[in-house]
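S.K.: Sequence:
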Amino acid sequence: MSNSALEKRPKKNAKPSNSRPGLSREKEPSVDPDELLSLLSDDHARAILKVISEQGRPARTIAERLDLSRATVYRRLNRLEDAGLVDTTMAYHSEGHHRKHYFAELNEFRLSFDGGDVAVETTTV
Numbered sequence: 001m002s003n004s005a006l007e008k009r010p011k012k013n014a015k016p017s018n019s020r021p022g023l024s025r026e027k028e029p030s031v032d033p034d035e036l037l038s039l040l041s042d043d044h045a046r047a048i049l050k051v052i053s054e055q056g057r058p059a060r061t062i063a064e065r066l067d068l069s070r071a072t073v074y075r076r077l078n079r080l081e082d083a084g085l086v087d088t089t090m091a092y093h094s095e096g097h098h099r100k101h102y103f104a105e106l107n108e109f110r111l112s113f114d115g116g117d118v119a120v121e122t123t124t125v
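With the UniProt record's numbering applied, the sequence shown covers 1 to 125.
Where hints are given, some of them may not hold.
[Stated by the list, open to error] Here are the computed distance ranges between Cβ atoms for each label pair:
id, residue 1, residue 2, range
1, S69, L40, 15 to 23 Å
2, R46, S112, 19 to 27 Å
3, Y74, L111, 27 to 35 Å
[Said to hold, decoys possible] Listed below are the simulated SDA-like cross-link pairs for lysine to any residue, each with C-alpha atoms no more than 20 Å apart in a straight line:
id, residue 1, residue 2
4, K50, L36
5, K100, A63
6, K100, L49
7, K100, M90
8, K100, V51
9, K50, L37
No lab work stands behind these hints, which were simulated from the structure alone.
Glycine is no exception: its CB is placed at the ideal position from the N, C-alpha and C atoms.
Start from the sequences and build out the full structure, keeping to the hints where you can.
M.R.: Structure follows, in structure tokens:
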């Protein structure tokens, strides 16, 4: 199966890809600071973000490139997606096969400390 045989279709209600030119910065909903800091301090999550930062890839490919189990990759991808750091599209093969591709969202993070509380503001670039 070649990549040229794949037909990419965005998922329903998909957010626009940040890699497209002309997109303006949009404020994202608040992210739980503890969850975001936990994700960004996780070696596997950071490695996954690095692998998908320039090109979307299926979980199987990510697992092979990083020499991680697919279960580990899927757990991290689910957490990253829940935190808004990863988005997905579905690639459909002409014979009916399909595969989810994961893309890193390009975000800026701003941490602020106010009276002992940590707040995180994310911005999609």
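S.K.: Against this structure, judge whether each hint is valid.
M.R.: Structure-based check of each hint:
Checking the proposed 15 to 23 Å range against S69 and L40 shows it holds: the Cβ atoms sit about 21 Å from each other. Taking 19 to 27 Å as the suggested C-beta distance range, the pair R46 and S112 conforms, at roughly 22 Å. Here the CB-CB span from Y74 to L111 is close to 28 Å, well matched to the stated 27 to 35 Å. Our distance criterion of 20 Å between C-alpha atoms is met by K50 and L36, whose separation comes to about 16 Å.
Between the alpha carbons of K100 and A63 the distance comes to roughly 14 Å, so the proposed pair stays at or under 20 Å and holds. A hinted pair counts as satisfied when its Cα atoms are at most 20 Å apart, and K100 with L49 qualifies at roughly 16 Å. A threshold of 20 Å between alpha carbons decides the hint, and for K100 with M90 the separation of about 4 Å falls inside it, so the pair holds. Restraint check for K100 and V51: satisfied, since their Cα atoms lie roughly 15 Å apart, inside the 20 Å limit.
Between the alpha carbons of K50 and L37 the distance comes to roughly 16 Å, so the proposed pair stays at or under 20 Å and holds.
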